[in-house]
Every structure is written in C-alpha cells, then in structure tokens.
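Chain order of the listed sequences is A and B. Numbered continuously in the numbering used here, the first sequence closes out at residue 389. Numbered continuously in the numbering used here, the second sequence closes out at residue 105.
Don't read these hints as lab results, they were simulated from the structure. Virtual Cβ for every residue (Gly too), placed ideally from N, Cα, C. Some hints could be false.
What the hints assert, rightly or not - Under the rule of at most 20 Å between Cα atoms (straight-line distance), these lysine to aspartate or glutamate pairs were calculated in the EDC-like manner:
| hint | chain 1 | residue 1 | chain 2 | residue 2 |
| --- | --- | --- | --- | --- |
| 1 | B | Lys14 | A | Asp347 |
| 2 | B | Lys44 | A | Asp195 |
| 3 | B | Lys13 | B | Asp65 |
| 4 | B | Lys22 | B | Glu46 |
| 5 | A | Lys211 | B | Asp23 |
| 6 | B | Lys22 | A | Asp195 |
| 7 | B | Lys44 | A | Asp347 |
| 8 | B | Lys44 | A | Glu381 |
| 9 | A | Lys65 | A | Glu3 |
| 10 | B | Lys42 | A | Glu353 |
| 11 | B | Lys42 | A | Glu349 |
| 12 | B | Lys13 | B | Glu100 |
| 13 | B | Lys13 | B | Glu67 |
| 14 | B | Lys42 | A | Glu357 |
| 15 | B | Lys42 | A | Asp347 |
| 16 | B | Lys44 | A | Glu349 |
| 17 | B | Lys44 | B | Asp23 |
| 18 | A | Lys211 | B | Glu47 |
| 19 | B | Lys13 | A | Glu349 |
| 20 | A | Lys125 | A | Glu35 |
| 21 | B | Lys22 | A | Glu353 |
| 22 | A | Lys211 | A | Glu227 |
| 23 | B | Lys14 | A | Glu349 |
| 24 | A | Lys278 | A | Glu353 |
| 25 | A | Lys335 | A | Glu381 |
| 26 | B | Lys44 | A | Glu358 |
| 27 | B | Lys22 | A | Glu215 |
| 28 | B | Lys13 | A | Asp347 |
| 29 | A | Lys278 | A | Glu3 |
To be verified - Per label pair, the in silico range of CB-to-CB distance:
| hint | chain 1 | residue 1 | chain 2 | residue 2 | range |
| --- | --- | --- | --- | --- | --- |
| 30 | A | Gly240 | B | Lys42 | 23 to 33 Å |
| 31 | B | Thr64 | A | Met6 | 44 to 54 Å |
| 32 | B | Thr64 | A | Phe28 | 32 to 42 Å |
| 33 | B | Thr64 | A | Gly240 | 25 to 35 Å |
| 34 | A | Asn262 | B | Gln31 | 40 to 50 Å |
| 35 | A | Val388 | B | Pro71 | 50 to 60 Å |
| 36 | B | Glu45 | A | Gly179 | 26 to 36 Å |
Stated by the list, open to error - Sample of chain B residues with no beta-carbon within 10 Å of chain A, all distances over it, derived:
| hint | residue |
| --- | --- |
| 37 | Val40 |
| 38 | Arg50 |
| 39 | Glu53 |
| 40 | Asn56 |
Each chain, written out:
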Amino acid sequence: MTETFMGYRRENGQVGIRNEIAIIPSVFCSGKVAERIAYQVPGSVYFRHPVGCSQVGEDLETTAKTLIQIGKNPNYAGVVVVGLGCERFSPQELAAGIKPTGKMLETVIIQQEGDSLQAIQEGIKKAREMQQVASRQQREEIPVSELTIALNCGGSDVTSGLVANPALGLASDKIVEQGGSAILSEITELLGTEDILARRAVDDHVAAEIKRTIEDTEQRLERQTAESSNQARNHLISTGNYDGGLSSVVEKSLGSMKKSGNAPFSGVVKYGEQLQQKGLHLLDSPGHDGETATGQVAAGAQLIVFPTGRGTPTGFPGVPVLKITGNSKTYQRMKENIDINVGRVIDGEASLEQLGEEIYQEIIEVASGKGVKAEILGHDELFCITRVP
Amino acid sequence: MSEHLNVAVNNEKKSALLIDEKDNVSVALTQINEGENCLVRKGKEEEIIRVLERINFGHKIALTDLEKDAPVLKYGEIIGRMSVPVQKGSWIHNHNMYCERGMRA
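Whole structure, please, built from the sequences with the hints as guidance.
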C-alpha cells in the first residue's frame, strides 16, 4: 500500500512540500535587491549568487539551466525574477524558462525601474501579492510516489559510512519502493563503485551512463591533481580514512553510496536538468555540499536528507534539509542543528532498521510541513551554482 | 582511537555491527581487545565471536576463516581480497587485505 503525506498540488500537477515565494536574481548584480525584497515579505526566500556576468559557453549555460530549474521546483508557489537589464542571460529568458510551470511569475528589472530603491519597492509589491495568494493554498493528501528526496552528505566521519548512510539507504529504499524518487550525487565520493552501481541499473543504457559519469569525474580529478602544486594530496583514500578502519577506496565509496540503499537506478541526469521519470537517479555533481544541493533542487528534489558525522548547520532556501548524524558526540554538541541521532546504533540502543524507519517517518512529517532545525533557524548557505571550468 | 576520531563510544558492551547479511566481516562498535568476546547482531540472531587481536572502533573483524584471495564482503559487496589467510576473529585491514582499485604508484 502506498502511504501519503500532505503537500501542495501545483498547476502543472507537480507537488510542493513548502509554499514560499522565490526571489531569484538572474545575475549577481541584482542579488542585493532580491535579498531586500525577500526581507520585506516573510514567507519568501532569496537566492543570492556570484554568477551570471561575463560567463561563456557551458559555464553560462549551466548557470542559466540551474536558475531556471530552481525556479521550476514545485516547493516555490511563485517566483519574482530580479534582473539588472544588461546581462547576457536575460531576466526575460529566466522568466520564460519558468513560465511553463504555470506558477505565479513576475519580473523586475533594475535598469527599467529606475534605480535599486524603485526595483526593491516594485519587487515587494509583486511578492506581497503572490504571498497573499499562496497563503490561501491548502495542503492535500498526496501519495509518497510524488516525493523526491535528495541524498547529500558533508562533514563526514567514520560513523557516516558505518551507520548514518546505511540507515538513510533503508529510508530511501522505502520511498523508491512506493514509486517515489531519490537522487544520489557527489560523484567524487563514488569512485571505485562504478561496477557495483552499474549492476544496479535498470538497463544497459543506464549502466553505461553511470560508468561514463564516474570515469569522466575520475579523469578530471587526475588532470587537476597532476597539475596541483601539492602532490601529497592526490590520493583517492587518505591516511585519515585508513586510521578510521577503511582499507580500500571501494570500501570508502560504498559507505557513501549506501545512502541510496539497494534500489535499482532508473537514470542519470546532468547538472541543471530535471528528473524525467520517477525512481532512484544518479545526478552528475561535484562533491561540494552546496553545489550538490543546488543541482538536486534543480533536478526537482523537494527535501534533502543530509548525514553529517562532524556536524554542519547548513540549509537551503525553501527546501528542508533534514540533518542526521551517526556520531552521538556530534549530536550532543550540535543538538540545535541536527534532527536525528543515528549514533544510537553505535551506542547499542537501537538497530539500523529502527533508525531507517525513524528517518522515513521523519521525512513524511517534514514533507507534510514539520520544520527541520536548519530551516527554522534560517540556514540557507547551500544555494551555490557549480562552475564549469 | 575513538578519541582521535572524535567519536564518543558509549557502548560498554563489546559488540560489532553487521551491515549486510552477505558480509563476512563486521565492524567493531567499541575497542575490543585480544581474547575478548564480541557480540555480533545478524538481524534478530546474535553470535559471540572471540576476537584474536586488538580491534579498534570502526575496524573490521573476520566472521569466518578466510583463505588467501578470498573476497572480503562489506555492505554486501567485495571491498578487496585477502593477501594472506586469516582465522575467524582476526582484524582485517590493509596489512592483510588488498584492493587493486584506487591504488597508485
């Protein structure tokens, strides 16, 4: 039987688990204006970024695609695009990309409004109107098959691969079994598991895509490390990994991969692209926490589950980031930042299966509106668009 | 070791975690010394294993005797092979296990 959660059904049939207004600058120059608009309208979030100017080629296209897909994410009830006016990826193009969703959408361009003050004022009016419409929208019962969770870890320690990631994998499997979706990323943390991942692909095409994605990343890393001025840092596994009991890169990467449980892989998506079908997917992303999270939200994730052994407080604008740790010491120290302590498995208080179920139940609660610690405290550091060198 | 890793090992019972049913190693959840008995949970079943040498938190214990070149299974997958044969209860690490993937000159 498929279980349900309470979400917002959107005009295009997609489902959001939050109902905020996104204020998105098309270029870094309009970042402050976007921020000031959001400050004036509670219930809106802004996406400050350093890009959009003097970029070319795939670098600019990745920025453009990512900004459009962020705007399309169903967690946002409406979008106010804030442009400067002379940027190469124009605010009109950003708005046109978001338009097919049918969500509330307005554009404010600083050079057309007159100055930043007038642009802020205009943006506040538009966001305020949207907020009033959004405030009347109601949550409804939605099957778990409409849920897309992202798997992203950072500040990992020995407990992450040992208990936190395997427990998350159990929760992820339960969502995928019910027809829902999950996104595994951080290709740099998966080196050595390509054959194992490829065996889990639904068909030969997906298997080949998985292998190619990991090989490309490894080749890029080899180039970068060969040119590095510090040759002591070019190994796939560190002395710290060995000290913690990891004996091979395969063992280390499996610990990261286990976030995705044992479900089959339905497909591979590029950075800045949306999932085209349901099921478990591999997203081609770097290892940076923020670049990964941003790619995952662009791909359509409504919620991020984030194991962290050492502890990190970060969050994402308008997308709950559910923090779990396998380290009881970290949990005790960072209780205000971390939602679930999987370290209880190490302490002998609970089984992996029990924690997997607890994570799953918390995902359903959070999808239905329960705030996670990162969003209640206003953490939004994870919005960060990857650059293509 | 747990202090060095900044992990509080509150578990007073000497126990080890079996991550996948297919695994032939389990992971120590506390420091286990030579000759001590260690509890391994396999789903609802439990097995007591006598540990042959000191095994630190996070490190692997052989659950069966392993021949040379036998696959070492953790997470239900092959993480490497034995470079020498070992007995049940031994510590498994890169001193007696090899993995060609990821090794560089």
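Violated constraints from the hint list, given by number and in increasing order: 2, 3, 5, 8, 9, 12, 13, 18, 22, 24, 27, 32, 34, 35 and 40
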